[in-house]
Amino acid sequence: MKKFLMLLLALLTVMVIAACTANEDAGEDPTDSEEPDTTEEGTNDDDEDATDDGTEEKVLRLNNGIEPSSLDPSIGFDAVSWDPLNNLMEGLTRLDQDSRAAEGVAESWDISDDGLTYTFHLREDVNWSNGDPVVAEDFVFAWKYMLDPETASPAAFLGYFIEGAEAFNSGEGSADDVNITAVDEKTLEVVLEAPTGFFLDLLTNPAFFPINHQVAQDNPNWHTEAESFVGNGPFKLESWEHDVEMVFTKNEHYWDADTVKLDKVHFAMVNDSNTQYQMFESGELDTASIPPELSDELIDGDNVFIGDYGGLEFYRFNITEEPFHNKNIRKAFAYAVNRADIAEYVVKNGVEPAYGFVSPGFTSPTGSDFRDENGDLVTFNPELAQQYLEDGMAEEGYNELPEIVLTYNTSDSNKAVAEALQSMFNEHLGVEVTLENQEWNVFAEAQQNLELQFSRSSFINDYSDPVNFLESFVTDSYMNRTGFSSAEYDELIEKGKSETDEEQRWEYLYEAERMLAEEMIAMPIRYYNTVVLEADGVSGILRHPVGYFDLKFADKN
Amino acid sequence: MLRYMLKRLLIMVITLWIIVTLTFVLMVSIPGSPFNSDQTSNEIVQANLERHYNLDKPYHIQYLLYLKSIATLEFGPSIKQPNQTVNDLLGRGFPISFELGIVTIIVAVVSGIILGILAALRHNGIIDYMAMGIAVLGISIPNFILATLLIQQLAVNLEWFPVATWSSPKHMVLPVLALATGPMAIIARLTRSTMLEVLTQDYIKMARAKGLTPWKVIMKHALRNALMPVVTIMGTLLAGILTGTFVIEQIFAIPGMGKYFVESINHRDYPVIMGTTVFYSAFLIIMLFLVDIAYGILDPRIKVNNKEGE
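The listed protein sequences correspond, in order, to chains A and B.
Going by the numbering used here, the letters in the first sequence line up with residues 1 to 557, in that order.
Going by the numbering used here, the letters in the second sequence line up with residues 1 to 310, in that order.
No wet-lab data here; the hints were simulated from the structure.
Idealized CB from N, CA, C, for every residue including glycine.
One thing to keep in mind: the hints can contain errors.
What the hints assert, rightly or not - Think about it this way: if two alpha-carbon atoms lie no more than 30 Å apart in a straight line, the pair counts; the simulated DSBU-like pairs of lysine-lysine are:
1) K327/A to K264/A
2) K170/B to K58/A
3) K68/B to K57/B
4) K58/A to K327/A
5) K7/B to K68/B
6) K261/A to K58/A
7) K205/B to K144/A
8) K57/B to K264/A
9) K205/B to K220/B
Claimed, not checked - Far from chain A, by Cβ distances over 10 Å, these chain B residues were calculated:
10) G32
11) K57
12) I61
13) Y129
14) E159
15) I251
16) F283
17) P300
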């Protein structure tokens with residue numbers, strides 16, 4: 001009897017399991033038929049594809065992490081939008097293989113002697129992916145659209161170098177007063193507010209990309225789907241399954257199409273560092289980032305690309321509050337930090353310790369690197385730190401430092417750095433620092449309102465010029481967040497932006513950075529870098545220190 | 001019955017309104033703004049953004065705007081992905097989460113009940129220990145650990161299944177396994193304990209005495225009663241799993257709606273927070289309602305109408 005029951009149950013189990021597998025298939029049929037041609041090939045049969053096909057299509061598989069915020073070049077103001085956009089579109093200038101602004105849509109330009117008027121001559125043979133010619137009016141349309149307060153573009157401030165732009169964006173001026181003119185179909189004239197030595201660099205940012213004004217006027221949502229997307233870059237948007245994948249194909253209308261070697265690029269959207277690494281391991285992706293846990297193991301591999309990335313991790317002092325209103329106490333903290341140890345043992349991933357504010361990778365007019373030229377501005381020196389602390393405490397009449405709270409936004413790596421700092425301050429200064437972490441948004445707001453005493457920060461360059469970071473600390477800048485205000489510094493930055501003699505302009509910037517270190521309103525920790533795993537055969541991906549990668553010269557064998 | 005339904009409907013709407021109001025209050029009281037990011041910005045840009053999304057308006061106007069968006073079911077554009085409306089996001093994500101969820105539920109319920117019955121019938125025997133062993137593991141191993149383990153073993157080492165993404169039945173196996181184990185274990189334990197209780201009841205002895213086959217005794221008399229607690233947890237379970245799970249969807253890069261629950265709050269993406277909250281609450285309320293109906297069907301002693309008098 002009991003045996004019979006068992007047998008029956010065993011049978012039932014088998015039946016149910018069978019039914020359940022059948023069910024699983026049944027449930028998936030719809031997806032299967034909906035997307036027959038997309039990621040199916042992403043699995044193991046990938047390699048076979050390449051060899052079986054006589055055509056040898058070159059397909060690169062990348063991971064964009066998440067869905068781009070927007071492929072409207074005026075709106076998408078983050079790396080996940082810039083990386084695709086930089087390959088789908090092109091501005092007047094484009095960063096070349098040395099990461100310098102070179103000819104893009106513009107084949108040449110004239111700059112007036114006062115450095116204010118730029119006249120761009122567009123190539124005769126530049127076309128949109130729908131076949132329309134790219135005309136000067138497309139730039140006028142795009143830039144005025146970006147600056148329109150109604151558009152609410154997060155990138156609009158980049159355009160303030162243009163005459164009338166700030167007034168228009170703040171709602172005080174009008175679009176007609178923005179000094180951009182389409183002289184004729186292929187000539188664009190831009191008048192700047194003040195001479196801006198890095199204006200051509202600035203133009204490589206997607207915020208300055210053209211928009212096909214005829215398409216955009218017909219359909220304001222042209223950028224939301226692959227079917228309606230019109231670009232002018234090396235690739236065109238073949239398909240875009242939101243939150244899943246974008247597929248780019250070579251754009252035969254691109255003026256330099258002969259240079260482009262890849263036929264197709266897949267941008268997956270996998271937002272888990274382990275998963276994307278596993279996909280790289282199993283051949284489903286050609287490039288991947290290194291998961292933090294595997295850093296030690298993988299960082300020295302042959303297939304690892306390590307490059308500069310314009311950005312700095314640093315800590316801000318709130319100089320409106322005790323005890324950091326005192327310069328010597330700020331310096332004491334800055335000199336007590338062993339940055340080499342933090343870079344090597346805490347952050348890892350091949351990052352460089354920061355002994356200055358401006359990250360390496362900015363080439364001066366004389367050909368040297370900004371960082372080399374200005375040297376180390378803060379070092380690890382416990383004795384000096386101790387000395388500064390004593391001086392500072394004497395100046396303020398402290399017997400004991402007021403309580404110090406170091407705040408960071410919640411994340412594992414920020415926590416590790418904060419803890420390392422805590423122990424260094426304790427060891428080298430004998431100061432107990434309390435750690436506090438806050439959720440990003442809470443933290444950002446508190447830092448903005450100067451409610452934090454000593455807090456973590458990061459900076460990522462928007463354009464390729466040292467002034468981009470340095471101007472954060474001018475009086476009342478939205479990015480200041482330290483309470484620092486110095487007329488002398490403001491003036492240095494003003495000159496560092498508008499001086500027409502490039503060498504002299506850089507001299508002002510060197511001086512400004514030295515002043516930042518002298519005042520020590522923030523202490524640098526380490527520079528960012530780009531670390532990417534690349535599969536065998538992948539070559540030629542340009543990863544510029546500022547911004548976005550470029551697949552124009554990329555190849556895969 | 002009709003009156004009862006109408007009354008329930010009214011209560012549902014009121015519940016939803018309370019949830020929406022509470023969410024709004026919580027939402028505006030947490031510090032931060034959707035426009036805080038690592039990127040450079042300035043006051044003018046911030047002001048333009050706030051105006052664009054009506055965040056410069058007083059709270060009571062914002063509240064009314066939200067109520068209006070809910071009433072019309074047009075939640076407006078997401079702040080994080082300005083070219084997508086909340087309706088787009090949910091409309092795209094929900095079917096995928098639902099598909100994953102429904103398969104998971106079927107797997108979990110069927111295997112959970114079988115494990116539970118097996119364990120109860122062989123109480124304190126080897127099968128019981130094995131089944132409960134599986135159940136304990138299922139409850140105690142978090143699904144993200146299981147997911148990573150499955151990827152490492154079955155996808156990377158054995159290459160049986162793809163690592164991630166969502167496009168074919170093959171892609172479905174690992175996430176379903178990872179997601180189903182927990183609920184399966186809970187259901188197995190519930191089924192086992194009630195089954196044990198039911199099996200000692202007089203009416204089971206009676207049924208056996210009547211000479212019914214063991215199959216009939218279990219399926220018709222015992223199981224039906226033993227399922228009541230399972231039905232009770234089904235409402236929440238269904239709502240939870242069908243609307244997507246953040247971790248599993250993230251690990252397997254499944255484009256479901258699970259991520260919006262968590263990320264919208266991190267990003268202070270107010271329209272998405274509202275959209276997901278309303279959607280989830282409405283879904284949960286409906287599921288609980290269906291569960292109440294299911295009680296009546298499973299146990300004729302529970303009459304929906306009776307509840308009305310209470």
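Evaluation of the provided hints:
1. K327/A to K264/A: 55 Å, violated
2. K170/B to K58/A: 26 Å, holds
3. K68/B to K57/B: Within the cut-off at roughly 15 Å; holds.
4. K58/A to K327/A: Violated - the C-alpha atoms of K327/A and K58/A are around 58 Å apart, more than 30 Å.
5. K7/B to K68/B: 24 Å, holds
6. K261/A to K58/A: 8 Å, holds
7. K205/B to K144/A: Distance ~84 Å between K205/B and K144/A Cα, so the pair is violated.
8. K57/B to K264/A: 46 Å, violated
9. K205/B to K220/B: 13 Å, holds
10. G32: 3 Å, violated
11. K57: 15 Å, holds
12. I61: 18 Å, holds
13. Y129: Fine: 16 Å to the nearest Cβ keeps Y129/B off the interface.
14. E159: Given a closest Cβ separation of 6 Å, the condition is violated.
15. I251: 5 Å, violated
16. F283: F283/B is indeed farther than 10 Å from all Cβ atoms of chain A, at 19 Å.
17. P300: Non-interface label on P300/B holds, nearest chain A Cβ at 26 Å vs cutoff 10 Å.
Of the numbered hints given earlier, the model fails hints 1, 4, 7, 8, 10, 14 and 15; all others are met.
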